[in-house]
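Colleague: Fit chain B to the known structure of chain A by using the hints.
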Amino acid sequence: MDRSAEGRAGTPFTLDVERGKVREFARAVRAEHPAYAEGEELVTPPTFLTTMFHCESEVPGANPWSLLNVDQKRGLHAEQEYVFHGPPPRVGVRLTCQSRIERVYEKAGRRGGTLTFAVLVTEFRDSSGKLVAEARMTGVETAENPEQR
Amino acid sequence: MSRRWQDLHEGLGPEPLEIGPITRTDSVRYQGASGDMNPIHHDDEFARAAGFSAPVTVGMFQAGVMHAWLAAWLGPENVRRASMRWKEPVFPGDRLTFTAAIAKKYELDGERRVDVELWCKKQTGAVAVTGSATYVVRS
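Protein chains in written order, with this note's numbering: chain A, 2 to 150; chain B, 737 to 875.
These aren't lab readings, by the way, just hints derived from the structure by calculation.
Hints are not guaranteed to be accurate.
Think about it this way: if two alpha-carbon atoms lie no more than 20 Å apart in a straight line, the pair counts; the simulated EDC-like pairs of lysine to aspartate or glutamate are [unchecked claim]:
| no. | chain 1 | residue 1 | chain 2 | residue 2 |
| --- | --- | --- | --- | --- |
| 1 | B | Lys823 | A | Glu82 |
| 2 | A | Lys108 | A | Glu80 |
| 3 | A | Lys22 | B | Glu781 |
| 4 | B | Lys857 | A | Asp127 |
| 5 | B | Lys823 | A | Glu80 |
| 6 | B | Lys823 | A | Glu107 |
| 7 | A | Lys22 | B | Glu813 |
| 8 | A | Lys74 | B | Glu824 |
| 9 | A | Lys74 | B | Glu781 |
| 10 | A | Lys74 | B | Asp779 |
| 11 | A | Lys131 | B | Glu813 |
| 12 | B | Lys841 | B | Glu813 |
| 13 | B | Lys840 | A | Glu82 |
| 14 | A | Lys74 | B | Asp772 |
Pulled out of the complex, with its shape left as it was, chain A reads as follows (with noise of 0.2 Å):
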């Protein structure tokens, strides 16, 4: 993993919360709540806002992630968190969305070697600017077989 990359963020891009992506998702979590389905005021389920990777892959240098290099065989999502600033983004809402790299770290490993974390921390304001939702994911790169850690 390149540590040099802490600190680097992202272009700005834009996420568009669909009707149908909101059904979509929804279902793909086995999630039946009418919330998600049914009126006119829709609600995203609390894991929607992963469904930036469709816009963000749209948009050239959108993710910096990928200055990481980090090696996706070896690569693990380690934990996930999404904090609302309001009630979840509703279907309707224009998004804009930008990543950072917040920081690199090493750990040793439970069974020895060294795994590197590194968290992106992505923030999503709607058209007047407020920051309505944060993403932060962690990812570690192992140094060795995944299944024997």
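Modeller: Positioned in the frame of chain A, the structure of chain B alone reads:
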């Protein structure tokens, strides 16, 4: 759908949710919906090269099921924080059981809140995911 403040107490949680066996179709559907196209979740050769015996499920799939299940109990519009930590990989064929319990009931800045701890266990009893969440309680 959401719960009333006076009925909530520490230790209380929704009825456990059991799902499975998980299938590779669950992974394909989740990957299409989320946009995470990592081949480690659907490509046998890639998964073996990464040291797994078979494609692993998407960690965000089981964590997404877990948090959506909790949201159905406390009201999807009431979530203020959802976090998750992966402990063990899950493979197609595994059965998963989700449990949750209120860890703390409190008021903050005039808002009633609960913190909840969550667990996703495999049929072996091993914990695959742990989670925590904060919800506001408005009724």
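Colleague: Each of the hints needs a verdict: does it hold here or not?
Modeller: Structure-based check of each hint:
1. B:Lys823 <-> A:Glu82: Holds, at roughly 15 Å.
2. A:Lys108 <-> A:Glu80: holds, 15 Å
3. A:Lys22 <-> B:Glu781: violated, 30 Å
4. B:Lys857 <-> A:Asp127: Given pair Lys857 of chain B, Asp127 of chain A is violated - Cα atoms ~37 Å apart, limit 20 Å.
5. B:Lys823 <-> A:Glu80: At roughly 9 Å apart (the allowed maximum being 20 Å), Glu80 of chain A and Lys823 of chain B satisfy the hint.
6. B:Lys823 <-> A:Glu107: Holds - the C-alpha atoms of Glu107 of chain A and Lys823 of chain B are around 18 Å apart, at most 20 Å.
7. A:Lys22 <-> B:Glu813: holds, 18 Å
8. A:Lys74 <-> B:Glu824: holds, 16 Å
9. A:Lys74 <-> B:Glu781: Given that 20 Å is the threshold and the Cα spacing comes to 11 Å, the pair holds.
10. A:Lys74 <-> B:Asp779: Holds: Lys74 of chain A and Asp779 of chain B sit about 12 Å apart, inside 20 Å.
11. A:Lys131 <-> B:Glu813: holds, 18 Å
12. B:Lys841 <-> B:Glu813: holds, 18 Å
13. B:Lys840 <-> A:Glu82: holds, 19 Å
14. A:Lys74 <-> B:Asp772: Cα-Cα ~15 Å, so holds.
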